[in-house]
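A.B. asks: Sequence:
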Amino acid sequence: MFRPQIQKTSTLFFIALFNLVLVFLAVKSETKVKKIGYEDKIIAVELMEQLIFELNKNFIIEKSKLDLYNSGLIGLQNSPITTIQDNDSLMFKSKLLTTHPNFAALIVEFFYDAEISSGDTIAVSMTGSFPGANLALLSVCETMNITPIIMSSAGSSAWGANRVDLSWPIIESYLFDNNFLRNRSIVYSMGGDNDNGDNLSDKGIEILESSIPNNVNFINEFSLIDNISKKINFFDSNSNNYSMYVNIGGGASSLGNGLDKDSLQVGLINFLDIQDIGFSEFKKSISYNFLTEKSIPMLNIKNIIKLVPQDYVSDIMTGDMKVGKGSLFYKYDPYNPFVISLCLLLSIALIVAIGIYSHIQIKKRMETHEVDSVV
Numbered sequence: 000m001f002r003p004q005i006q007k008t009s010t011l012f013f014i015a016l017f018n019l020v021l022v023f024l025a026v027k028s029e030t031k032v033k034k035i036g037y038e039d040k041i042i043a044v045e046l047m048e049q050l051i052f053e054l055n056k057n058f059i060i061e062k063s064k065l066d067l068y069n070s071g072l073i074g075l076q077n078s079p080i081t082t083i084q085d086n087d088s089l090m091f092k093s094k095l096l097t098t099h100p101n102f103a104a105l106i107v108e109f110f111y112d113a114e115i116s117s118g119d120t121i122a123v124s125m126t127g128s129f130p131g132a133n134l135a136l137l138s139v140c141e142t143m144n145i146t147p148i149i150m151s152s153a154g155s156s157a158w159g160a161n162r163v164d165l166s167w168p169i170i171e172s173y174l175f176d177n178n179f180l181r182n183r184s185i186v187y188s189m190g191g192d193n194d195n196g197d198n199l200s201d202k203g204i205e206i207l208e209s210s211i212p213n214n215v216n217f218i219n220e221f222s223l224i225d226n227i228s229k230k231i232n233f234f235d236s237n238s239n240n241y242s243m244y245v246n247i248g249g250g251a252s253s254l255g256n257g258l259d260k261d262s263l264q265v266g267l268i269n270f271l272d273i274q275d276i277g278f279s280e281f282k283k284s285i286s287y288n289f290l291t292e293k294s295i296p297m298l299n300i301k302n303i304i305k306l307v308p309q310d311y312v313s314d315i316m317t318g319d320m321k322v323g324k325g326s327l328f329y330k331y332d333p334y335n336p337f338v339i340s341l342c343l344l345l346s347i348a349l350i351v352a353i354g355i356y357s358h359i360q361i362k363k364r365m366e367t368h369e370v371d372s373v374v
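Each residue of the sequence shown is one higher than the one before, counting from 0 in numbering that gives the first Met the number 0.
I should point out that these hints are in silico values taken from the structure, not numbers from a laboratory. Each hint should be verified, as a subset may be incorrect.
Unchecked claim - Here are the simulated DSBU-like pairs of lysine-lysine, each with C-alpha atoms no more than 35 Å apart in a straight line:
(1) K321 to K305
(2) K7 to K92
(3) K92 to K33
(4) K282 to K92
(5) K33 to K56
(6) K282 to K56
(7) K56 to K324
(8) K229 to K305
(9) K92 to K34
(10) K34 to K324
Assemble the whole structure, with the sequences as input and the hints as a guide.
C.D. replies: Here you go:
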């Protein structure tokens, strides 16, 4: 018995199966979308990449095999200016995560989340422990036209800017003096225990003091409380309109002495986040002053493994991180309009094609039947 193609069971089964595949493809499709602040992220990342290049061009840096991206920002395990020794593998890993230029994109993302914009002024406390994070922040400030009022501690923990000939004051001074950066620290302190180098040797203190530029204020009070008080006064005298306080590292003046700071939340913090906190040393710090007395939000750049996305960690540690690529720059929204439209067109085209073919079959069958009748 004659049956046109469209009435055959095998054809109907194929149409159903084909459409199920198309539905699956449409449902699973995604759209690659640039994340908020994409343009600023790319510019900041490229600037940080340029800063790293200039440092490596000017300084002879013996790079460690552990410096996966040859940044030159991974320091030594120990040196005369090392304030904290390497006590676990997480310390090195945290340092490495900040040496890639893409770290600047993370800071841009935090700034957008906190609604920091062009023309804003921020207060910043840095240490030599995270030179990569320091360069990332400075790159972002240049890119987004943000004015940072910076106070730095000269010392560094293990694997940071702890080379005697490439400490943070030397790095910052070179980049500023050669017009690669518009901003620099207005105040330096020694760093280390009590922010005055209590855990450094006399030789280490002498090396750090000689690296601090003469035209920068040097705070080196007898006690940590006095250092904190003096730094707060400097911040207050330079602006009364801060949009954010940024902490990089574990400086004693910024976060307080002791181990409490290691348990402090990372990323964006506001007063409500610390309302019930019981850290006595933290309550004496510059960070606490900004959060409570000034009601100014804080960006805590510390415990880097917790701070960055997990895919960032895996990409860095496997050596697969590419500049300007990854989840900091793009996101994938569900459904792709192009894929959905294409699937719809293919479904319609298949049905129409089978319909036309079946119509031709029927027409031929009718013509053959008419000839047979005449005969």
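A.B. asks: Decide, hint by hint, whether the structure agrees.
C.D. replies: Here is how each hint holds up against the structure:
1. K321 to K305: Measuring from Cα to Cα gives roughly 21 Å; hence the hint holds.
2. K7 to K92: violated, 64 Å
3. K92 to K33: Answer holds: K92 to K33 is near 28 Å, not above 35 Å.
4. K282 to K92: With a Cα-Cα distance of about 29 Å, the restraint between K282 and K92 holds, given a limit of 35 Å.
5. K33 to K56: holds, 33 Å
6. K282 to K56: Not OK: K282 and K56 at ~43 Å, beyond 35 Å, violated.
7. K56 to K324: holds, 25 Å
8. K229 to K305: holds, 31 Å
9. K92 to K34: holds, 26 Å
10. K34 to K324: The hint holds at about 11 Å.
The structure fails hints 2, 6 (numbered hints given earlier, in ascending order).
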